[in-house]
Amino acid sequence: MGGPHVSLALAAPRARARRTATPGQITLALGIAAFLALFLVWPAATVIYVAFTERGGGAFTLVNFVDFFRTDLFLRSFWNSFYVSAMAVAGASILALPLAYITSRFAFRGTVLIQTLGFLPLIMPPFVGAVAMQLFFGRNGSANLLLDDWFGFKIAFMEGLNGVIFVQSIHYFPFILINLSAALRNIDGAMEEAAQNLGSSGFRLFRRIVFPLAMPGYIAGASLVFVKVFDDLATPLLLNVKDMLAPQAYLRVTSIGIADPMGYVISVVLIVASVAAMALSALATRGIDYSTVQRGGGGLARRRLRPYESALAYLTVALILLLVLAPHVGLLLLSFSTVWSFSPLPDGYTTAHYARIFGDSSLYIKNTLIYASMAGLIDVVLGTAIAYLVLRTRLIGRDALDWAASAALAVPGIVLGIGYLRAFYGVKLWDGTPLAALWIVIVLALAIRRLPYALRACYAALQQISVSLEEAAENLGATKLRTVRRIVTPLMMGGILAGFVTSFATAAVELSATLMLVQSNSDAPLAYGLYVLMQSAAGRGPGAALGVIAVVLVAVCTILSHAVIERGRAMPPAGH
Amino acid sequence: MSNRSTAANHAPAARVRIEQVDLSYGDNHVLKSINLEIRPGEFFAFLGPSGCGKTTLLRLIAGFNHADSGRVLVGEKDISGLPPWKRDIGMVFQSYALWPHMTVARNVAFGLEEKRVPRAEIGPRVAAALDLVGLTGLDQRRPAQLSGGQQQRVALARTIAVEPKLLLLDEPLSNLDAKLRVQVRRELRELQQRLGLTTIFVTHDQEEANTVCDRIAVMNHGVIQQVGTPKDLYEQPANLFVANFLGTANIIEGRLAGDGASRAFEVAGGPKIPIAADRNVAPGARMVFRPQDCTILAAGEFSAPDRTAAAGTVTYREFLGASVRYGVRTGSAEIAVDCPFHAGDTLHEVGTAVTIAIATSAVRFLSD
Ligand SMILES: Nc1ncnc2c1ncn2[C@@H]1O[C@H](COP(=O)(O)OP(=O)(O)OP(=O)(O)O)[C@@H](O)[C@H]1O
Ligand SMILES: [Mg+2]
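From first to last, the protein sequence lines are chains A and B. For the record, in the first sequence the residue sitting at position 107 is 107 according to our numbering, with numbers rising by one throughout. If you want our numbering, it's the position in the second sequence, counting the first as 1, plus 1000.
Chain B on its own, in the form it takes in the complex (with noise of 0.2 Å):
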């Protein structure tokens, strides 16, 4: 084996694999056919909802759920049949599970010690596997003399100080106070990067995912219903729970009128979206754009001919800053539009006529 003193010098990053993956407690089926794939090296996010099933899916990597049917690969073997012990895969529990009979130092050398790591290599692995988290000197302390920050830092050097080859990170950042969470999910982002660990990391929190996150899953009711970049899935939802999810959606409620190049979804006494022949819209989708893919115009202006308009009152706004938010109902819809705010402009009131430009290509046609 060569040197492997430095908890940098990683064995090369494992691919993940999860196939047809069914799981159910009791009557309750959290897991239903799960089929993923995760790249060597890549940052992935499982996000979703609360209870979606995100924790019981990482578990099933580690080995602490059992699934019914279906498998689990790491690298190309399929590690379904065995215990946890036997997984090489790190762990940081949302809790931080430190054990608090033991000093930092002994809970970062647990994994090696387990692992029959000659003693010699113990104290160096133990000691750059806290440096490389920045908690060098505190490997006398006891859990319970950690700051939250600090624990957070002890769970994840011991379990990078195993070298595994795939690291699992259940909500991490939910214990930490919001400024901490953005520094610390940086760090996070560098250390992964320098590691060049595969990694997938659970979050609620779209933010957190889209921030650091190469690819996300996005989960709901135990089935995955997208994988893709943060900038796809924002782009492109496939259906209308990403869109909603993720960011914010005018969802709005339509019929299909007309066929061949008149073909419309027109919302009644509203906008009339003209859909290019070749476009597939399915019975009974929806019609789902971001706010800021619209823009308000005062009552009569002419908008641009890649903009389908519609006439409107404002009925409420929000002003945040760099943007401001407007509601408006047009027909039996009501909008929300984001406009750019600049020092010196003039808001539409509350009640005011207005025309909104919806840029028609933004326009996505989704379902359920």
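Isolated chain A (complex conformation) (with noise of 0.2 Å):
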């Protein structure tokens, strides 16, 4: 036998603690924790904390909660909040789940139409919609004008809370025909056709197959909804509707103060309740969440459409958009028109919206890009390096990394921003001026809100590099830092620069935590400017303008960041 022959003496085995991270990690993951405990953590807990003590003492109490539960106005609050969520889930399924299913099943020519124009209520704030359904589906709107005119009635649509529902279901079905079409498009057509082989077909494959598959996508852009939904606070706000919950938080702390404790119990309800309906996602789609996503094959057959079949799909399809769009075609309307009420279109029209709003706009403009673009770079830096940590490394503790900053989905924009007020106020920089009252916050406030979002398209682009790339690149004397960078963030820059569009469009219309970290004109976002112009009804007209810009703005910078994505992608062929 030829093997070795080593001397034990010179083999003395020394124990060597396996390396866990390299102190570069360390120092990025106590960063990152520091940044999310100082701007996430920390203002939640102060809300918290306030919620379960005596005002004025420190003591622990319950007697806030106990209010609140005596207090009818916020009982019905409460009720209602959760009854327009569910009724704007079931409602933006509806809209949702028949452009899924046709543009995924069916070989159907408007799919990409569908995709881009099932984008576009997203970088519309709610809010904005709400004032030109009003003027189509108010009491007084086009649409029952006509109605009464020609049938002697008029349908509720934007009554109380209708017409929450309503703008909710439009604005935010997205989340789920987004969900639910990547989900149907994950399902690997060998499932389908080995269903088929077995003998099973139509409406039982898909009951038995497709829609088990599809589920879990389903219920993370349902869920998704309701705590949109349940969150949102201009919205309700605008359409005049006061009892619900974010709104009254809000009333509560703007027209009673700081101090009060009734702002903070809310928040923790809000709190409780997000976390409450993605723990029941989470627990509803756990061991149903099969990845069937398989390399190279495709997703389910698509089948042709029979003439008759094909109109009705083209039917289903120009009806909800044309619901869909209608908030930016009315929008669209307003911002030209002189006079609108009272009639189903403007009585005449004008540029003189644009005129007024373009000086006082570009204030407004400049901050939207400035907080929106850098929200979003904090983001993806963040969660690049969060997901670098997580997937890559056996730091200890990483995992609670991911979990505080997917955390930051359970906590309201309203609650945000009564903790950052909280949690800040007090912080006084050299010049004396409160830490709260400075724009920057209003960027950090926006970055930890949509931290999550990013963190999960980094996620994704992360995962699908294999690691032996990495290991082949410090095979061949790249140290680790080096890797990241010619290696790791070249191949995740499509998923980077996704995660970017995602938190830079929906952080350019968001206001719920905007609303209470604003402190001066100077400093305020375009949505906070919409929602000013938008509470008077002199002026919806300007608003209207400024809205049309924010949409065309925000649509812009998305098309242009997708264009460099594709362009990323499609490598040139080079060579011969």
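Just so you know, nobody snuck in bad clues.
Which bits of chain B does chain A cover? Going by a derived footprint, with three or more residues having C-beta under 8 Å, they are:
| id | region |
| --- | --- |
| 1 | 1080–1086 |
| 2 | 1105–1119 |
| 3 | 1158–1167 |
None of these hints come from the bench; they were simulated from the model. Yeah, the Cβ is synthetic: ideal placement off N, Cα and C, and Gly gets one too.
Join the two chains, each given in its own frame, into one complex according to the hints.
If you want it as structure tokens, here you go:
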């Protein structure tokens, strides 16, 4: 036997601690942890702390909660919020299901159009849509005027809670559309073929194979809609619905004061409801989230439509898109109209609103671009770093980072706003201005709010990179840092940009947190300016003009970044 | 530094020593007291069934896994504490791990750039490495625009371009089709000889290991079973696992009877193999021999003195072309026998009575 002979003395085995992380990684993790602790955990904890302590004193008490549950207004608000959110999920589902089904199951020409238009609602603040929807569907809006003329009755589309449900359904349905479409697309065609091979077809096949496989996607989208609607502040306020939770919290803090405990109690209730909704959806999808994406394997086979089916499909899609785009159309009309009330269409047209708003609004636009792009940048940097630490290192506590960053989803904007005010008002800068009054705080709030979305995009991007690509670089002499720079980041670029776009576009229209944090008009972003304008009847024309500018702006930025992403993806064939 | 613009101009080949290495993944003890010495310039294989720890050991040498104890020396230097990027050990990954966002040339240049090779030198060295693997002219392609075999060569070129002290190959042929595999393994061998580079090759295919490697370490369950040349391992397996893993072997149970000069290994109702007095046979050992170390005689035919005969019945027959494999039941054992086939030979029919003659000196007695 030709084995080597090695003396034991030579090979004195010494225990070596398995390396967990490099000092650089530890520093990075600590930096991120500090950031999250300071700008997410602390403000949220402050809110919770205040809710559970006696006013003035520091003693623990449940009195505030007892008060909450003894007050009719709060109980009604709670129920209303719940009802509106649930109904909005139902409404959004009604809009999203046919679109997702038609585009993923059939050879349908309008697929790209639907995917593009489906994104449009998200880049306009819902409260802006609310104004336009009132013009079309309000008591004296176009639809009801015509109905009254022709049939002699009106439908209360926009009365009270109905209005909130209607507007929110239209605004948030893309969340369900996007998630559900992705889930349908990811189903391996072989799954369906196997079922067909075993004799299943038609609706049974859909019910037994396709539907269960797409369920996690639907639930993810639906729970997101629920949480967003539950937390939204500006839409009910603008529709003059005050007996919902978020508006109550806002009104408490703004009218009674930052010291009033009720605002904090409502905030805690909002947090609990968000956490509960997300936990429930996680519970519901646990064990049924089969990732069936298989490399190379295309999605489901698309069936050709028969002529009458095709007509039906186009009709459905057209109706839904008409409804979904109504806010945009309404806004556009409003921005050009002289007077528009008690008539189906504006009485006359003018460009005066644009002229008026152009001077004032450049500041809003500048602020928005700065805030949203800074927030997006912070998000992708943090997202990339967290994704790397979680997926590529054995750092102790890396899951806590992930958890904390994702927890931002459970902190409603209004709560974060209140938390920032309370936590940072006491922090004075060298010249005595409170930290909470600085515009940078708005950026931080936006970044924290959008971090979970950017983080998901970064995770997805990093997960697609095989670890051996990094090991090959290290093997050839690249340090961890160099490997990240030369291999990981370029390969993640598509995902990072996608994360940036999502953060940027949604931060640009966010209001919940900023409504609390804007201290002076010169620091206000577009959404805030819009909100102020839209509150008065006289401001609505200019407001609409500003809204149109906002939508165009965000859309252009989104399209530009998409173009960049696509160009990065398409590797130009080089050589011969 | 002398002129190092061609990849063929390597530093002197390195010796590798692995000393008392242990490694666990949680409760899973994957490598157990591994000791190995790989000589300079040697083409060495880790051979073993799936999951036996070959990749783990290879990645340990490359620095991607960390031993719980023990150390790895390359040259005379202990590299156990070095991160992968300071080891100067080239590794070709099973998946090739070519970076999709870089061209072939950029892939190959990467390691040189990381090693801070002067700019002017990089171009020629990339060209030389690509030339060495026969890929001249493809340097501006992306990995996705290459065939599997070409990707494999790029991966190889990328690794040898940095002139590593040691080359590690993790199943480099497993993603190629059968025909290409034979061609590429010859090329690999030739290239290795030309560069004189110490090379470790991981495979679970004994044919691959036998054809290209100077020496082989056979592994099972994280333990090195035997190290030797392909011929050594085949002729003199150290234990039942090695005998069984390399080629086909008859492994037959029986018992030791008698002592001194009359000591023999008895198969119940079958052959009785005499054991030379100076031979050590462990209790519980089994008798092991290759199918070709046995012949079939027509019933009653006389056998040579250096053979042990036994009566039996043909139980199966497989015609393989160059040879015929018979199964012969004799007593409690069924023995595989390979008979060379020449045109015109008649074959034994299943069910007929025959006599088998085992070459006594070829029989080995092995335990687990
Ligand atoms: N990262 C890991 N964590 C835990 N266990 C692992 C890990 N990598 C490998 N193992 C286990 O270690 C053992 C050896 O794995 P290894 O990859 O070295 O096998 P191998 O000999 O290369 O097999 P194959 O021929 O299939 O590639 C296996 O039991 C495997 O399940
Ligand atoms: Mg392996």
